[in-house]
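Number of protein chains: 2
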Amino acid sequence: MDLQSSALLTDLYELTMLQGYFDRGMEEIAVFEFFVRKLPPTRGFLIAAGLEQVLNYLENLHFTSDELEWLASSGRFSKDFVDYLGRLRFTGDVHAMPEGTIFFSDEPILRITAPLPQAQLVESRLINLLHFQILIASKAARMVLVAPGKLLVDFGLRRAHGAEAGLLAARASYLAGFSGSATVLAAPLFGVPIYGTMAHSFVQAHEDEIAAFENFAHAQPDNVVLLIDTYDTEAAARKVVALAPRLKKEGITIKSVRLDSGDLADHARKVRRILDEGGLKEVRIFASGSLDEYVLRDLIATNAPIDGFGIGSRLDTSSDVPYLDCAYKLQEYAGRARRKRSEGKATWPGRKQVYRYYGPDGRMAYDVVTLEEDTQENGKALVQPFMKAGRRLAPPEPLSDLRKRVAEELARLPEHLQKLQEEPPYPVKISKTLLDLAQAVDARYR
Amino acid sequence: MDLQSSALLTDLYELTMLQGYFDRGMEEIAVFEFFVRKLPPTRGFLIAAGLEQVLNYLENLHFTSDELEWLASSGRFSKDFVDYLGRLRFTGDVHAMPEGTIFFSDEPILRITAPLPQAQLVESRLINLLHFQILIASKAARMVLVAPGKLLVDFGLRRAHGAEAGLLAARASYLAGFSGSATVLAAPLFGVPIYGTMAHSFVQAHEDEIAAFENFAHAQPDNVVLLIDTYDTEAAARKVVALAPRLKKEGITIKSVRLDSGDLADHARKVRRILDEGGLKEVRIFASGSLDEYVLRDLIATNAPIDGFGIGSRLDTSSDVPYLDCAYKLQEYAGRARRKRSEGKATWPGRKQVYRYYGPDGRMAYDVVTLEEDTQENGKALVQPFMKAGRRLAPPEPLSDLRKRVAEELARLPEHLQKLQEEPPYPVKISKTLLDLAQAVDARYR
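The listed protein sequences derive, respectively, from chains A and B. Under my numbering, think of the first position of the first sequence as 390, with each following residue one higher. Under my numbering, think of the first position of the second sequence as 390, with each following residue one higher.
The shape of chain A in the complex, shown without the other chains (with noise of 0.2 Å):
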């Protein structure tokens, strides 16, 4: 069984239902939506990603022989209904923001429209797809915010949640505007440009440090990046300055030097005036080691020398906001609206979309939700389509499209919001329509 592809990657709540609606023949089209039901107090925009891991996930969503044989071995289920799961495949539609769009709370990103078994079961997959990306975009993209023209690399996968996050945030961070990523299978995988240095380990494992510092520009020529924290920065630093004559007479380039310890702006300094007073103007400063982008800020504030920076579990963590409050919820079956009214949890019922204005200025203004039918003049529709009866519309957006449509958005951000400023939040209005719905809903489920 595949982890990530197999149909068994879901909660058992979901099959036990499915055997309900089976029991019943309760097949109707369903219409469940996807949304956040309320942004964290540090995140005044989010952006959408993880599309393409759901398209990709509903196009070839089927139980395996084996997975089948374990359904059946597990005594939960009728036999009638585990050969019905055997044929069961995503026949549905899927309408979406697309990858790189910034939204805000209450707006649905992505809808399904299927019979109700099929929407139902693809509910934890898609959940866990979606929220993961959408969370490491909106994360990156703050530190594209404010460090811009400096190289962003991710360096998370250590510490990201296994093996799946350590590359969907190399995707997703690359998305959003990140430079590329250090982990090397995001490359044959999703393209994402790599980036590799040293550890410390490969300078404590020569017997000096400037043989480790020779041996390694011997070995990538093209990309000579010296660690230089192991034992002492700055005298690390004298002997880059030592070693650039006697690498140059064999045509080699020191490109830069990484600090990964210590009061990391007082290093970039003191390395800075090292390496210029011998010489070494091109050499770049690349730093990493806790950084996110408040010490980014900080940092880029105080004019620290610094031209790169690698991050990583902060990112790969989102660590300050580690999971998002969002929902798959069921707004309509066999053509009626549905609404849930739990406390603190209501949903806006029926098929919804987003209309975006924009002021004068170009910038975002504010945006409606409203139900589908009720089409509004001048606004951007966000919601599109991007799958019919199970097969994709179009292929897949490439990723330098979706880093161009991030790059667009956040420049149509309200000024304060690109600055980080969460406040005054972003204006996001519910028509008339959509309030009339949920009374006439609310009037008919008690």
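Incorrect hints may have been included.
Derived DSSO-like pairs (lysine-lysine); straight-line CA-CA distance at most 30 Å [stated by the list, open to error]:
1. B:Lys793 to B:Lys769
2. B:Lys659 to A:Lys734
3. A:Lys644 to B:Lys734
4. A:Lys659 to B:Lys777
Incomplete in silico selection of chain B near chain A, CB under 8 Å [said to hold, decoys possible]:
5. Ala549
6. Gly555
7. Glu732
These are calculated hints, taken from the structure and not from any lab test. By construction, the Cβ of each residue, glycine as well, lies at the ideal position given by its N, Cα and C atoms.
Given chain A's structure and the hints, the job is docking chain B onto it.
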């Protein structure tokens, strides 16, 4: 390329360093150790987990022909080196604390002894696997400690960071004492017991709530757990009371009801009264929604009549501590001890052992970290051999044994740590032998 087992699931710098080691024939034995530098303020102890997945990764480590081809075509490496990678297997030794062992900062919980390139290459994935399961097992153990006798179920797949995180969270929380998980695939994969009820969508898809309950009871007669907060919690509890006798005649017993919103303690009390007055004293109350060890402790302190809890996002993301300050560091190469001195990140050199001492009450009293050869009397040596020359020394320990170990370990924790009071910190002493070696190493490498 398989996402979990690919040898390319690593950081680029591992490969660029390997090219350097290869060029100089640096293949002598290296010793790396994995440890946590500093416990987070809200973690008085941690639980070792993830060793099984690490051993599995090491046993199967190899580059496939696709991966070799990709490496060759990347233009970053020499042809000889790529050929060498094609022959590379893990042939080293692994020493570790058995999964389920409680540990503290500065204590090596895993040691790799292998030719330098092998020990280096595995760094990224090894940290990725150990870090996450330690994170989750340690978070889960806190919930187990505050909720003795309660049914605890992992509900976190949807907000876990990807597929592997969801699956390994199910394993790690079960190892730590949870009753099971909602994640279906965790059953065939790890033998984790699975639990499932229904979602709000199931209720909403029916024209009325009682029809939904009845349908579910017929579909899952041995597992009737009814979600009662879709519209009005207490009204739904009264519907359960009305339905119970009808189901009883068909031989179906309602097992429990689930609350998922609002003030859980208040609803639980009201629902308990309704159920009791309706003759349903045997029906259990199960609660979910934004739970963690603090909320559990409060609910239990006020005697809320809740019998079990489904815990999702805050467990699967370890939301208050989404990553640990852990490292995998070179401690010896070619027979000589090594040490990194980077500011705030210095490490203890050499091959180490941890000895644990217990008080007269049988509880853990203190640990001593020392060199492997510095055998301590009366202490319990925590680091044990698990792999020799690339082969496991024993078959995997069953999860049931690991659960027993955790239960025994938690019972022997100092009392304040059992109550999640993190102060005073558990004493971890560094032996004089180790202090002396660190000084000697510092004198050698400058």
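Which earlier hints can't be squared with this structure? 4
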